[in-house]
Amino acid sequence: MNITLETSEYKSTSLSAPAAWLKEVARPFVIRWWMWIILVISPAYMIWFFTKSSLEDRVNRNIERFNEASSVSKVGPKTNSDSSYRVGYALGKLTLIATGNPLFLLATSLLLIALLQLQYRYLFQVLFERDALGQRVYWLLMIGIWLMLEVLLAVWIGKKGSQQGYQWTLANSFVLLNIGYSLLMSWGKSRRRQLTLIQQRTQAELDALKAQVNPHFLFNSLNNIYGTALLEDSPRTAESIQQLSGIVRYVMEESRLQTTNIQRELRFIDDFVELQRIRLPNQDNIDISTTIEWDEKPAQIVPLLLNPLIENAFKYGISIQYPCFVRIRLQVQKGTLKLITENSILPRTDLEKGTGLGLANVRQRLALAYPERHTLRVEENDKQFRVELTINL
24 MNITLETSEY KSTSLSAPAA WLKEVARPFV IRWWMWIILV ISPAYMIWFF
74 TKSSLEDRVN RNIERFNEAS SVSKVGPKTN SDSSYRVGYA LGKLTLIATG
124 NPLFLLATSL LLIALLQLQY RYLFQVLFER DALGQRVYWL LMIGIWLMLE
174 VLLAVWIGKK GSQQGYQWTL ANSFVLLNIG YSLLMSWGKS RRRQLTLIQQ
224 RTQAELDALK AQVNPHFLFN SLNNIYGTAL LEDSPRTAES IQQLSGIVRY
274 VMEESRLQTT NIQRELRFID DFVELQRIRL PNQDNIDIST TIEWDEKPAQ
324 IVPLLLNPLI ENAFKYGISI QYPCFVRIRL QVQKGTLKLI TENSILPRTD
374 LEKGTGLGLA NVRQRLALAY PERHTLRVEE NDKQFRVELT INL
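So for the sequence shown, my numbering puts the first residue at 24; every next one is plus one.
Be careful, since some hints might not be right.
To be verified - With beta-carbon atoms standing in for the labels, derived distance ranges:
| no. | residue 1 | residue 2 | range |
| --- | --- | --- | --- |
| 1 | 406 | 54 | 26 to 34 angstroms |
| 2 | 312 | 343 | 16 to 24 angstroms |
| 3 | 155 | 314 | 40 to 48 angstroms |
Derived by calculation from the structure, the hints in this document are not laboratory data.
The beta carbon of each residue, even a glycine, is placed where N, CA and C say it ideally should be.
Please take these sequences and the hints and turn them into a complete structure.
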């Protein structure tokens with residue numbers, strides 16, 4: 024009994040190994056490289072197929088067989104026939120007389136699919152979807168491909184096949200298939216992108232609704248703590264709570280807006296810095312300097328855009344144990360905002376090191392809100408971390 028069980032387990036393992044290899048190695052490889060695999064195998068098979076007899080010989084030999092065996096070909100399409108019928112007739116006739124082989128037909132079909140995908144990936148997406156100039160270049164390339172196919176196919180299928188217009192039918196069909204396939208794929212990608220945006224917007228709305236559940240509770244709690252601090256004669260605590268309440272209210276109200284008044288944003292930053300001053304101990308080793316200048320000309324800014332930079336300066340530049348500093352200079356003049364934050368670099372453990380997510384978030388928001396209208400420079404040395412941001416509001 025024991026031997027039987029061991030043998031059964033061994034067979035099960037040996038059978039599962041190929042299946043696991045197919046699933047974990049072969050399948051991902053084929054999915055990733057299927058287009059290039061087809062572009063290698065299909066032409067190789069077609070070259071081998073035509074080594075036995077050329078396409079011109081097959082066309083000439085099978086035209087007579089097709090005309091004798093096909094009742095449709097005896098009549099043939101009349102000159103005043105519908106164009107779609109003529110195209111279908113020509114394609115069907117050409118397929119039969121040129122191949123007569125199902126495997127060749129499969130290789131041709133797979134090659135056509137791979138060529139369509141190749142054209143979509145490296146021509147349509149790179150040129151047509153880029154800009155107006157790319158679209159013009161794409162159409163010129165399609166015309167060039169059509170002319171090249173006309174010449175090559177005329178030579179390839181020979182005189183007798185050319186007299187029946189097969190090269191014209193194939194060239195037109197190939198170019199139209201490429202354009203139609205690319206437009207269909209582009210529409211599908213655009214549709215998927217729209218659905219994704221709708222889902223993200225719906226999720227954002229749900230998150231916003233969830234965030235609105237407890238604001239009244241939060242403000243009421245802060246007011247209660249503020250009143251308690253006054254009764255207990257703790258002015259520093261009361262001031263901190265008042266600053267925090269204003270910051271939370273600003274975040275709740277302004278985060279829903281696309282832009283906000285620059286005056287409100289500057290006041291928020293001033294309150295945030297003041298809250299940091301209040302929470303930190305009054306020690307000689309901590310140096311905090313802030314300069315905020317505004318020419319009082321109206322301007323709009325994306326709310327809470329600057330705060331991650333200032334918050335990071337305090338988060339990573341302040342220590343109770345070591346000499347440290349944070350310097351913030353913010354200037355808004357003639358519609359141009361310039362922010363410079365400088366903070367000391369302190370020895371930290373791996374757990375205390377930054378992830379860079381805050382700075383990455385600022386970069387992304389700047390790219391979306393102020394494309395070609397901002398510069399962001401980050402400099403770092405052994406003693407100081409410096410960020411300089413300029414925005415044309």
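Here is what the structure says about each hint:
1. In this structure, residue 406 and residue 54 break the distance hint of 26 to 34 angstroms, their C-beta atoms being roughly 51 angstroms apart.
2. Checked against the hint of 16 to 24 angstroms, the pair residue 312 and residue 343 passes, with Cβ atoms roughly 18 angstroms apart.
3. In this structure, residue 155 and residue 314 meet the distance hint of 40 to 48 angstroms, their C-beta atoms being roughly 46 angstroms apart.
When the structure is compared with the earlier hints, a violation turns up for hint 1 alone.
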